[in-house]
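Trainee: As given, the protein sequences belong to chains V and G, one line each in that order.
Here the numbering used here is used: the first residue of the first sequence is 1, the next is one more, and so on.
Here the numbering used here is used: the first residue of the second sequence is 1001, the next is one more, and so on.
Some but not every residue of chain V turned toward chain G, in silico, with C-beta under 7 angstroms:
| id | residue |
| --- | --- |
| 1 | Phe89 |
| 2 | Ile109 |
| 3 | Pro110 |
| 4 | Ala117 |
| 5 | Ser164 |
These stretches of chain G come out as covered by chain V in the derived footprint (C-beta under 8 angstroms, 3 or more residues):
| id | region |
| --- | --- |
| 6 | 1002–1015 |
| 7 | 1042–1049 |
| 8 | 1098–1108 |
| 9 | 1134–1141 |
| 10 | 1232–1239 |
| 11 | 1249–1261 |
| 12 | 1271–1281 |
Keep in mind that the hints were calculated from the coordinates and are not lab data.
Glycine included, C-beta positions come from ideal geometry on N, C-alpha and C.
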Amino acid sequence: MRKIRSIITFISISTIGFLYLPLAAMAFFSFNRSKYGFTWEGFTLNWYIKLFENQAIIEAALNTIVLAVVSTIISTIIGSALAIGMQKFPWSFKTEKSLNMMLYLPVAIPDIILAAAIVIIFGILRGVSSIFDPGLLNMIIGHITFQIAFVALVVKSRLASLNSEIEEAARDLFASRFYILRRITLPLLTPGIAAGAMLAFTLSLDDFVISFFMAGPKSTTLPIYIFGAARRGITPQIHAISTIILLITVVSVIAAGRLTVKKNRKRWRITKNFVHL
Amino acid sequence: MSKIIVWYGEIISEKSLLKRGVAFIAPGILWLMLFLIIPSVLLAIASFAGRGEYGELVWEFGFENYKRLAGFSLFGWTGDYLIILWRSLITAFFITLLSVILSYPLAFFIASRSPKKRYIWLTILIIPFWTNMVIRTYAWFIILAPDLPFAKLAAFLKLIPNGSPLYPGAFAVYLGMISIFLPFVALPLYSSVEKLNWELVEAARDLYASKTRIFMQAILPQTLPGLSIGIILTFVPAIGTFVTPDMLGGAKYMLVGNLIANQFGASRDWAFGAAISMGLSLLTLGSLYFYTVKAKKK
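Excised from the complex, chain V in its bound form (with noise of 0.2 angstroms):
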């Protein structure tokens, strides 16, 4: 048994160093003076330096920022209405199968064929508008997509384990339908919405097929500046660029951490909600 124990030890740490050691790695050349190759020559911090002065990353960061803010706004306000819709009415069983099984296309089929797809519909769209040419609108409108279909998942969720007897008590003493929405469904209900607001919101970060598939000319994001670059040559810049954007995930996952262990009281709810998805 002890046998066993040692060996599990072994392989975990193993998996979690290779996990690791290519952004380790990384990190650590963003600080290496020497521009091309491998050899340590000192350190620096140029490259950072050097990013504020790249107007094509900063307008990259920008473009990254808005449409993952605007995204997550409009779907999470969608979603949580959607997954309220399905949850709180007596829908029949047929409807209640379709409209899940339209929640679940996105999780169920490769991003590239949504990707696929959105591009032929917007090809047609263009014909009517040229607001339909590729760009920041299309991105924003093929994130909004899938983000859709994850908050609802996740709000509704939420919805099924919440017993409804406040909501019938507060009926029999004549609360009216509205009031009983916002003070007590929505109230009940925010934990659920802010953890599908955050899925969305990084998914919406992490994406880079749909992005890549609307993208124009000057709605570049940072994935896929990143992209274009590794093709042409690995450089300490997109070394510093990249270790930013972990680092701001790091800091982004332990707090989102923190924030909820305090919020619940229950220090496993967050990673509860991301290991159901």
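Following the hints, complete the assembly by docking chain G onto the known chain V.
Mentor: This is chain G only, laid out in the frame that chain V set:
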């Protein structure tokens, strides 16, 4: 006359209740109809369309694209596209399998820590999970670079010429893809392992079950829910993946995702791209169906 029902303490006719429900779901349904369902139908239709002068769609229908996908062309038959589809399926299968094999020890390792340490280990596992795929693939360029020990070792063993990196190629694609998809299996699997009923394992041991048997009959069935989610979460994106094979595989290890991206990018042949997408959807849904049927039998 519509039926009168009691709904969350309210007496209301079913009809007016559903009317209110429609108001909630209408924006979402409209959106998904417009940008998910209709585009998917159009994709299916476009796969039968033709290619215009600039690669745009021409609405003349035929089976040309599917014939081409099956390998028939003016110059006779080649299996190139079918090989790429088959390779994608096999790659997704092995990536999923290897991720599962590595995830089991990891899930048990984390679950056996004290609650506080467990939280730290989970955070460590979630960070790569939430890091952008392009960045995580990019990081492999550095670790596999010619000046670093791994490439030097491979050169010393005469596996690669001296001074060249360990990419592009199948090896680099596998490394990159496993590192990306492993947390997709490990996290759901952990949520099942955490809830494991150890009494069953103890009972199996008391009855002198072998180690393999303990795993197969006392542990595996209990972790099946998390494992299933993990397998689907890995297999579906892995079979259509495009970033990692493009960056780390190049022309040497082409997968169906790259083929589709090419049709919408450099090659500009949307109709053929739509046909390959249909092939990929069929492959994915077919595999999921096969998997659920198999899982149900067990």
